[in-house]
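Peer 1: So the chains spell out like this:
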Amino acid sequence: MTTRLRVLDDGAWISIDDGREVRVSELWRLDAPDFCGCDLADLVVENFQEVGVDGSRVEVRVYGQCIACGETGITDWLPVGRIRGGEFVEFDRSCVRRTRRD
Amino acid sequence: MPTDVEKWKSEAYGEEVRERLFEFAEAGFDSIPDDERDAWFERFKWWGLYHQRNGQEGYFMMRIGTPNGVLEPGQLRVVGEIADEYARGPGRNPIFGDAYADFTTRQSIQLHWIELSDVPAIFEKLDENGLSTQQACGDSWRNIVGNPVAGKDGQEVIDAWPVIRELNETFKGNEDHENLPRKWKVSVTGSADGSGQGDINDLAFEPAYKAVDGDGAAGGEDVVGFNVRVGGGLARNEPRFARDIDVWVPPERVPDVAGGLSGLFRDYGDREDRYNARVKFLVDEWGAEEVRETLQEEYVDFELESAGRDVREEYTYNAGEGERNDLIGVHDQKDGTNFVGLNVLVGRMGAADVLDLADLAEEYGSGEVRLSQRQNVIVTDVPDDALEDFLEEPLLEHYSPDPSPFMRGSVACTGTEFCSLSIVETKNRQVRFARWLKENAELPADVDEFHVHLSGCTASCAQPQIADVSLRGMKTRKDGDPVEALDVGLGGGLGEDPGFARWVTQRVPVDEVPGAIANLLETFADRREEGESFRAFVARHDDEELDAFVDPEETDYEDPMMHNTKRTWYPYAEDDGLEDAPPTPADD
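Line by line, the protein sequences are chains A and B.
When you line the first sequence up against the UniProt record's numbering, it's residues 1 to 102, in that order.
When you line the second sequence up against the UniProt record's numbering, it's residues 1 to 588, in that order.
Next up, chain B with everything else stripped away, as it sits in the complex (with noise of 0.2 Å):
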């Protein structure tokens, strides 16, 4: 039998909710019927807007959805005033105070607090400037990630801009597939550093050359093109990454080969169990061959090409080891001048900073920006003598293109501060961790990378399962008291061999965690061999062994959320029960 949301979606999705997402605007937030709530709030995701959690009632999450991270001139300038002037609430964070801009592993931009009553407004805004919130979330499309500085990236093997661009025309507001099992999310990623991620995603389209003629046809001149993997995904304690189907595909066909496989994704995904219904569990059930066979039979009309020769081998991002983890610090264009990456912790950037940025990046560069999937900005288009006057800009103080390892590898995500699925508080507290292992813990001198993801839950929006430390909520007693707690995994990374960060410590109070971190540190600057990378150093111990390096410890660090974060209405408040929680906000 279908799910409720299934048949939602049925009576009403996609392109059409907007004009009832609008009246409902102008009537107030009471207009919505007691009895179709639950409906419209889950239509409502198709156009970018998840309402918060409970305690927070009428106050939504929206997220914009910037394709590839990039932000035209003009457009972060844009995203600050929207942050500015509308994502304030009640509560106030502590540590970003209360407007602000989050930068997710997604490369799209989220923002907090928004009332209903302001979307249209800010909807004309997007709309003018040439962002939009549609399909960033919800069962369809989802904003496409890649190498954020495709076309630009000095070691590119093939300009992806251009696909990403033409895949968001076709498939944003297209009535074929506005309406999927769940969501689908595409990588298409140019540059031979593996920085679009694609093994994480329902799609990926990842550099290779093939050897054909001038029809098309095997045989001739090498071209470069894209391989093909289907149902990669890390949700929901069921990891997977994405399958080699045996495809490559020239630049000009990409988009008939993601439209084949959205279609199939739209025709065979499984409607009637939400926990099923991801593409990685298709594959699961078909094997790679059959999705091929498939597509090749009912979803496109020309003859589909073996694999190419891809340039896996190459990959650093994210690998734990070699070169360009991550696209920190300042780096050569194309074009001869140079992209700036900047470090945001957590992702998170107060709306004054993201205006003063789009000033930085208008005075030194182009003004444009880029969002990379470890949550960072970049800056592009700086000319070398630029580059130093910039780089002593004091706003690079606080977003340093040479952070520490422990704020350059943290990542978080939004956590029991807005989301109903998360256990535990978490942007806060990755920020707490990495200021105290700066401070306490030390890396061997020729490591300098270190990657902490921090994830509320098993959803894994934080990407905690390609980490050197993978932290996921849980809960633990602590002298008979429930407290916050984090599982830890260790070893996690893409690469040209991806594999999964193991979890070898359960439910570690969270204010033991960073003693843990420092005492694993330690262990591994004592028996490491010489040059060898902390996920080299884990792959040759086993579970027992790690678990015993972990060693869990009180330190002088102290935890101001080690209660139950998601019975406050909100967590930083100073009257934080559920029962002092807000109103809904007025209609004004």
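Okay, chain A solo, but in the shape it has when bound (with noise of 0.2 Å):
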């Protein structure tokens, strides 16, 4: 069964079949080194930029800002949730999330 994943409206959210399941204006704790110097990044989603899987986990790249010190760029794959017997369910926004490391 495939899963439809989609940045639309100038990037303000993420389609998962047809349905608007994450959204722009959140305040993510990032474990992201690469992004900002922040041992945690503070990231404003400003913009969705790219949305992938990874096995069952759905990322996103993003549009953002640390709120901590400033940074802004594009960061690098971060997780927002898994497809789970088909239906997506969204990572807890309060939780850390850490960028793909090959």
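Simulated from the structure, these hints should not be mistaken for laboratory data.
Among these hints, one or two may not hold up.
Per label pair, the in silico range of CB-to-CB distance [what the hints assert, rightly or not]: (1) B:166 <-> A:4: 41 to 49 Å; (2) A:74 <-> B:219: 50 to 58 Å; (3) B:444 <-> A:54: 57 to 65 Å; (4) B:166 <-> A:50: 38 to 46 Å; (5) A:50 <-> B:584: 27 to 35 Å; (6) A:92 <-> B:90: 22 to 30 Å; (7) B:481 <-> A:50: 48 to 56 Å; (8) B:444 <-> A:31: 49 to 57 Å; (9) B:121 <-> A:31: 47 to 55 Å; (10) B:366 <-> A:74: 49 to 57 Å; (11) A:4 <-> B:553: 44 to 52 Å; (12) A:49 <-> B:545: 34 to 42 Å; (13) A:31 <-> B:477: 12 to 20 Å; (14) A:54 <-> B:162: 53 to 61 Å.
One-sided and incomplete, this derived list gives chain B residues near chain A with beta-carbon spacing under 8 Å [unchecked claim]: (15) 30; (16) 34; (17) 421; (18) 458; (19) 459; (20) 476; (21) 478; (22) 506; (23) 564; (24) 566.
Note that the structure is predicted; figures quoted are calculated from it, not measured.
We treat Cβ as the ideally placed atom computed from N, Cα and C, and that holds for glycine.
Join the two chains, each given in its own frame, into one complex according to the hints.
Peer 2: What follows is the structure, encoded as structure tokens:
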């Protein structure tokens, strides 16, 4: 069973199977040393750039700003949720998100 | 690889979407197949319908494109009646009530809470009255803008209204131009005040003189036509002013050149990356010279003239100094009557007030009204002997021709009330800001205009980069809690030498913004040189100095929307959680 993943409306939200699931304007805590020098970035999600999957995990690349240090830019791939039984389950927004490490 | 949006557009777009839209309206919102919703919502934009944000499923924003902001006699009443009957939803705005119309920065009208099942009836009423939502959104020719009082303005160089009408008739519903890589925003201005704001459009025609002989060849009499600029726009942290492509065009050839450039964009614009699709990026890549060469070689069959003598040194609109920064107040028309610009705070007017204004326009003028790019409304054709009584009308106490500078200068986008992309609440906030500043902040006595533009995100629908004070939605933490915040930019404006605001202070919690502006103005009053404009004052200070002048401060201003308004289904609802969102509207 395929899952349809899209960035829509100028990067305002992530569509998963034609439903609005993940949206801008959230604050995410990131363990993303490549993004800024903070131990944990405090990222305002301003725009979604790309959406993809790694196994069952749905990942996004985001344009945003760390409000702790002011760094702006596009993140590496970040997990936002998982497809389980054909349904999207969003990860707890208050948890720290780690960029993909190859 | 083409994007999903390009794939959907190639399958069905433009005129043909209307039939399916009506079928869905007839059969009900749920008749849109679950796996086709993204595609249809994208296509509906071409017909001016934009699905409202999550939590408001099944409700649409409807945009009515009024070319050059012209509402002919009777049309404002139609807008008011439609707003009153159909623009009512489950959420009630605490400032504006539950039925209103928004006048936009591109001289259009937006209504909210529109249900799909009502669309055929609304379209029928619009059609009957010469109004349309066609191409108001989506990837094609958008509403054409310009000096709203074209044809009437005592200061105009050339009447641009016939040109705009012809462009509108030629490129609305034109199969060759209905599916472009991205939106295509055109400005045509005939006045010397710069009120068409061509610099921030994809394509701009600006008044210019050229010496041509009777056959159109160079070297004869001075003729008024238009210089052409391409590739302006403010969105996505990539603001550009339109670039001069060294072309002058007589009025009768504007459609050829406009169609040529639209065709060039259609054929060469980026359809694989929507973030890189606007023509401003193509102009970046090619340069103005290559745009001109390609236009000449591939898209027009006559020799293009080089640019003529422009009148940019006379531009004052949104310029931060000089006369006529906006079109508020009483102004002379060419025919001896007057146009009266009325301030509509953040562009939003209750449906009952829209209908009252339609009555007044008929009673005192011709019934016509026009919309400006500063979200205001202009009543035209008011004779001298009716002026005094018109200005005494009670409605004009609220929609004033002589408002406080803080009311007059306020522009705000839609914000998180309805918009998916916005990061913060905007319209109600800017109303509260303006009211507080009116009571608590002071401008030097010789400064009567001060523009504050609040945009909820980098899409820049409130045109924040061209204001005295630019506010842009952000987030920060205050006492550890996430709160809505604003970045503060200063000193932007159009005019002969346009400049974007410099973002000097980041992430100011929203409740400290009014105090920051008041402190900034106090410093401005103390340190300005005699007669110096705010924009000039900003220009002679560096970013660090300006950041210190901003000085955010808590005051008695209270902001009820500090929380994450995007996590609500409607920011002003008593039970505002997404779990409390209303069901999709019933099909009745």
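Peer 1: With reference to the structure, classify each hint as holding or not holding.
Peer 2: Cross-check of the supplied hints:
Look at residue 166 of chain B against residue 4 of chain A: about 42 Å separates their beta carbons, and that is inside 41 to 49 Å. Restraint check, residue 74 of chain A to residue 219 of chain B: a C-beta distance of roughly 53 Å satisfies the suggested window 50 to 58 Å. At roughly 59 Å, the beta-carbon separation of residue 444 of chain B and residue 54 of chain A lies within the given 57 to 65 Å, and the hint holds. For the pair residue 166 of chain B and residue 50 of chain A, the supplied restraint of 38 to 46 Å holds, since their beta-carbon distance comes to about 42 Å.
For residue 50 of chain A and residue 584 of chain B, the Cβ-Cβ distance of about 30 Å falls inside the hinted range of 27 to 35 Å, so the restraint holds. Look at residue 92 of chain A against residue 90 of chain B: about 29 Å separates their beta carbons, and that is inside 22 to 30 Å. Taking the beta carbon of each, residue 481 of chain B and residue 50 of chain A are about 31 Å apart, not inside 48 to 56 Å as hinted. Between residue 444 of chain B and residue 31 of chain A the CB atoms are about 50 Å apart, so this pair conforms to the stated range of 49 to 57 Å.
Range check, residue 121 of chain B to residue 31 of chain A: Cβ separation about 54 Å, and the 47 to 55 Å hint holds. Hint check: residue 366 of chain B to residue 74 of chain A, Cβ distance near 53 Å, so the stated range 49 to 57 Å holds. At roughly 48 Å, the beta-carbon separation of residue 4 of chain A and residue 553 of chain B lies within the given 44 to 52 Å, and the hint holds. Look at residue 49 of chain A against residue 545 of chain B: about 35 Å separates their beta carbons, and that is inside 34 to 42 Å.
Remark: the range hint 12 to 20 Å for residue 31 of chain A to residue 477 of chain B is upheld by a beta-carbon distance near 18 Å. Evaluation of the 53 to 61 Å hint for residue 54 of chain A and residue 162 of chain B yields a pass: the beta carbon distance comes to about 58 Å. For residue 30 of chain B, the interface hint is violated, since its Cβ never comes within 8 Å of a Cβ in chain A; the closest pair sits about 13 Å apart. The beta carbon of residue 34 of chain B comes within 6 Å of a beta carbon in chain A, closer than 8 Å, and the hint placing it at the interface holds.
Because the smallest distance between the Cβ of residue 421 of chain B and any Cβ of chain A comes to about 4 Å, under 8 Å, the interface hint for this residue holds. Nearest Cβ of chain A to the Cβ of residue 458 of chain B: about 6 Å, under the 8 Å cut. The hint holds. Taking 8 Å as the C-beta cut-off, the interface hint given for residue 459 of chain B holds, the closest approach to chain A being about 6 Å. Look at residue 476 of chain B: its Cβ gets to within about 5 Å of chain A, closer than 8 Å, so that hint holds up.
Among the interface hints, the one on residue 478 of chain B is violated; its C-beta lies about 11 Å from the nearest C-beta in chain A, farther than the 8 Å criterion. With a cut of 8 Å, the hint placing residue 506 of chain B at the interface with chain A holds, because the nearest CB-to-CB distance is about 6 Å. About 7 Å separates the beta-carbon of residue 564 of chain B from the nearest beta-carbon of chain A, less than 8 Å, and the hint is met. About 4 Å separates the beta-carbon of residue 566 of chain B from the nearest beta-carbon of chain A, less than 8 Å, and the hint is met.
Of the numbered hints given earlier, the model fails hints 7, 15, 21; all others are met.
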